[in-house]
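J.: So the chains spell out like this:
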Amino acid sequence: MTVLAIYVGLILVAWAITRFALAPLTSVDDFTRRKTVTFGDESAVRASRAASVFSVLAIFLIWGAFTGSRLTPLHAPEAWRMAPIWLPPPEAVWGRVVTIASDGYRNFTLFEHLIASIWRVVGGFLAGALLGIPLGFAMGLNGFLRGWFDPIVEFMRPVPPLALIPLVIIWFGIDEKAKIILLFLASLWIMAIAARAGVAGVKLSKVHAAYSLGASRWQVLRYVILPNALPDIFTGARVAMGVCWGTVVAAELVAAERGAGMMIMVASRFMSTDIVIMGVILIGIIGYGIDMLMRIAERKLAPWKGRG
Amino acid sequence: MTHRRLFAAAGLSAALSAGAAAAVEEITVAYFLEWPTPNQYAQAQGLYDEALGVRVNWRAFETGVQMSAAMASGAVQILYSQGVPPFVIASSAGLPIELVGVAVTYDDNDNCVVHASQGVTAANATDLEGKRVAVPLGTAAHYGFLKQMEHFGVDVSTLSVVDMPPADGAAALARGDLAMACGWGGGLRRMKEHGNVLLTGAEKRELGIRIFDVVSVDSNFAAANPELIAGFLRVTEDMNRRFESEREAMLPVISQASGMDLDATDETLNGFGFPDMETQLSDAWMGGGLQAFLKEVADFFAEHGNVESPLDSYDGVVNATFMQKAAEM
Numbered sequence: 004m005t006v007l008a009i010y011v012g013l014i015l016v017a018w019a020i021t022r023f024a025l026a027p028l029t030s031v032d033d034f035t036r037r038k039t040v041t042f043g044d045e046s047a048v049r050a051s052r053a054a055s056v057f058s059v060l061a062i063f064l065i066w067g068a069f070t071g072s073r074l075t076p077l078h079a080p081e082a083w084r085m086a087p088i089w090l091p092p093p094e095a096v097w098g099r100v101v102t103i104a105s106d107g108y109r110n111f112t113l114f115e116h117l118i119a120s121i122w123r124v125v126g127g128f129l130a131g132a133l134l135g136i137p138l139g140f141a142m143g144l145n146g147f148l149r150g151w152f153d154p155i156v157e158f159m160r161p162v163p164p165l166a167l168i169p170l171v172i173i174w175f176g177i178d179e180k181a182k183i184i185l186l187f188l189a190s191l192w193i194m195a196i197a198a199r200a201g202v203a204g205v206k207l208s209k210v211h212a213a214y215s216l217g218a219s220r221w222q223v224l225r226y227v228i229l230p231n232a233l234p235d236i237f238t239g240a241r242v243a244m245g246v247c248w249g250t251v252v253a254a255e256l257v258a259a260e261r262g263a264g265m266m267i268m269v270a271s272r273f274m275s276t277d278i279v280i281m282g283v284i285l286i287g288i289i290g291y292g293i294d295m296l297m298r299i300a301e302r303k304l305a306p307w308k309g310r311g
Numbered sequence: 014m015t016h017r018r019l020f021a022a023a024g025l026s027a028a029l030s031a032g033a034a035a036a037v038e039e040i041t042v043a044y045f046l047e048w049p050t051p052n053q054y055a056q057a058q059g060l061y062d063e064a065l066g067v068r069v070n071w072r073a074f075e076t077g078v079q080m081s082a083a084m085a086s087g088a089v090q091i092l093y094s095q096g097v098p099p100f101v102i103a104s105s106a107g108l109p110i111e112l113v114g115v116a117v118t119y120d121d122n123d124n125c126v127v128h129a130s131q132g133v134t135a136a137n138a139t140d141l142e143g144k145r146v147a148v149p150l151g152t153a154a155h156y157g158f159l160k161q162m163e164h165f166g167v168d169v170s171t172l173s174v175v176d177m178p179p180a181d182g183a184a185a186l187a188r189g190d191l192a193m194a195c196g197w198g199g200g201l202r203r204m205k206e207h208g209n210v211l212l213t214g215a216e217k218r219e220l221g222i223r224i225f226d227v228v229s230v231d232s233n234f235a236a237a238n239p240e241l242i243a244g245f246l247r248v249t250e251d252m253n254r255r256f257e258s259e260r261e262a263m264l265p266v267i268s269q270a271s272g273m274d275l276d277a278t279d280e281t282l283n284g285f286g287f288p289d290m291e292t293q294l295s296d297a298w299m300g301g302g303l304q305a306f307l308k309e310v311a312d313f314f315a316e317h318g319n320v321e322s323p324l325d326s327y328d329g330v331v332n333a334t335f336m337q338k339a340a341e342m
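In the order they appear, the protein sequences are chains A and B.
In terms of the numbering used here, the first sequence is residues 4 to 311.
In terms of the numbering used here, the second sequence is residues 14 to 342.
These are calculated hints, taken from the structure and not from any lab test.
Quantities reported herein were computed from a predicted structural model and do not represent experimental measurements.
Label pairs and their calculated CB-CB ranges: (1) B:Met342 - A:Leu170: 47 to 57 Å; (2) B:Gly132 - A:Trp83: 58 to 68 Å; (3) A:Thr112 - B:Asp312: 21 to 31 Å; (4) A:Glu94 - B:Asp312: 24 to 34 Å; (5) A:Pro163 - B:Gly286: 39 to 49 Å.
Simulated pairs of lysine to any residue, SDA-like, Cα-Cα distance not exceeding 25 Å: (6) B:Lys160 - A:Phe111; (7) B:Lys160 - A:Asn110; (8) B:Lys308 - A:Arg109; (9) B:Lys144 - A:Leu170; (10) A:Lys180 - B:Lys144; (11) B:Lys144 - A:Asp106; (12) B:Lys338 - B:Arg68; (13) B:Lys205 - A:Phe175; (14) B:Lys144 - A:Leu256; (15) B:Lys144 - A:Glu260; (16) B:Lys144 - A:Ile168; (17) B:Lys160 - A:Met268; (18) B:Lys160 - B:Arg223.
A virtual CB, placed ideally from N, CA and C, is assigned to each residue, including glycine.
Required output: the full structure, derived from the provided sequences and hints.
T.: Laid out in structure tokens, this is it:
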């Protein structure tokens with residue numbers, strides 16, 4: 004509770020700083036500023052960069068203060084501090100990053116662990132997308148195929164990929180193949196449903212306009228349906244990437260030699276909390292990075308999103 | 014995402030430590046499912062509650078490390094049948110944990126099995142080099158595995174060691190995905206259907222590979238409530254002795270409580286030993302042998318890079334006073 008109170012206090016302090024000290028420096032004179040009423044107007048809400056910076060700083064401040072870190076000026080009283088086995092100070096976690104990056108953990112370096120996880124996610128996701136998007140299109144365009152695949156897709160969609168792990172081990176073993184199949188299954192249904200929703204969302208007037216201009220079926224698919232479905236597919240891809248990234252960590256709990264999830268799990272068996280925290284932070288950073296890349300790709304490849 | 018997790022963890026531990034400060038009206042004991050022991054008869058019949066005069070809750074755990082984590086948060090006070098490696102890891106990390114007794118010895122119930130297709134026996138064990146092996150890391154099986162490989166002169170760094178619980182290891186071994194799998198209990202029984210062991214339990218004992226589980230307690234709680242700990246050990250001892258004469262009557266109850274069928278319970282219990290208090294207090298165990306063994310395990314794990322800083326001596330984390338007290342009860 005104390006921690007929560009301190010955190011709320013820090014939010015208020017940071018808010019006060021951004022509102023009263025920084026606001027005059029950073030305010031921009033634009034259209035939004037001239038609006039008389041902005042509450043409830045979502046387009047007038049802009050994320051405050053300063054608040055984001057303060058947010059990250061606040062976490063590190065609390066983390067450092069309660070672990071007796073050398074990096075923070077303030078410290079919680081001795082009785083309140085957490086022992087390193089429960090929460091090591093930030094510099095200990097950083098020290099771990101450095102040693103594992105150079106010496107490795109369980110025969111593989113940090114880089115190799117992370118690459119192994121990223122490779123599985125990207126491989127599983129691409130396989131899921133390559134099959135899922137055509138599947139979704141087929142379901143959106145053909146009555147027989149929709150009827151055929153509908154029960155399968157709707158049945159598999161709510162099954163959490165983690166529930167499939169035992170089956171995947173029995174059927175496909177414990178090799179790399181098995182892990183990629185699991186991630187493929189995690190992304191396939193999401194991509195299929197996103198693609199189908201994309202097809203369903205194409206305005207009929209556009210399709211008719213294309214036909215009236217003499218477009219062939221192929222041209223309608225290529226120049227009308229695909230571009231209009233793309234924003235939905237991207238939304239699905241971002242969701243699928245998130246699910247894959249969450250699943251890979253669990254997939255690596257079973258019989259992996261390398262990977263970020265394996266690192267966390269094995270470290271927890273030996274109470275090396277610094278490695279666990281390092282793994283959690285790295286997974287968060289990479290997941291965030293992947294999402295940023297997807298957003299950039301979306302802006303580049305489907306700039307017409309929300310304008311059709 | 015990270016900030017939420019950190020925050021939730023901090024809030025949770027604060028809430029839990031607040032709960033631990035309450036007066037002792039009930040205690041919680043951590044135990045394993047599918048790990049039948051005579052004291053589960055007392056667990057099922059409420060004999061502990063009667064003898065101790067407090068409510069005794071039983072919570073099943075997956076691993077010994079999770080047990081010590083739960084203990085440190087104040088959620089459980091007694092860990093029944095924690096493996097030696099998790100205990101060594103927890104006490105080396107500075108947790109307030111104390112060993113107060115030996116729960117069960119099982120040299121024959123914890124081993125490594127080589128897949129039949131490998132044709133590997135004690136004579137040509139180095140043929141395992143370069144192969145894939147499944148080991149539940151941080152457990153007694155992990156220690157036994159490292160010790161056996163050391164004995165045969167197999168270079169562990171050439172093996173590809175993957176972390177798998179015994180049940181999964183058995184499934185993968187059956188598929189032929191692994192050259193060897195290590196584990197205990199039901200998983201080990203299934204493994205043996207598909208391969209052979211390198212050393213028998215007796216041969217491992219000769220090499221000094223002792224496999225047993227311990228009874229460990231929250232040392233702060235134990236210091237404040239010595240009579241509860243001694244009472245717990247007393248009831249456990251009574252059940253272990255009673256099991257020797259009333260096996261048939263107790264088996265169905267134990268089978269139910271441990272979540273295993275009758276035959277498997279019977280078979281598993283055949284591989285278990287429950288040393289009596291006198292033996293446990295002797296030099297071979299808590300009289301000094303146990304402490305020396307803990308040190309050996311800790312140093313061995315440290316050598317393999319799994320434990321950061323072993324204690325100089327494990328005399329301080331073994332406390333025989335509760336058992337002495339229980340012996341007089």
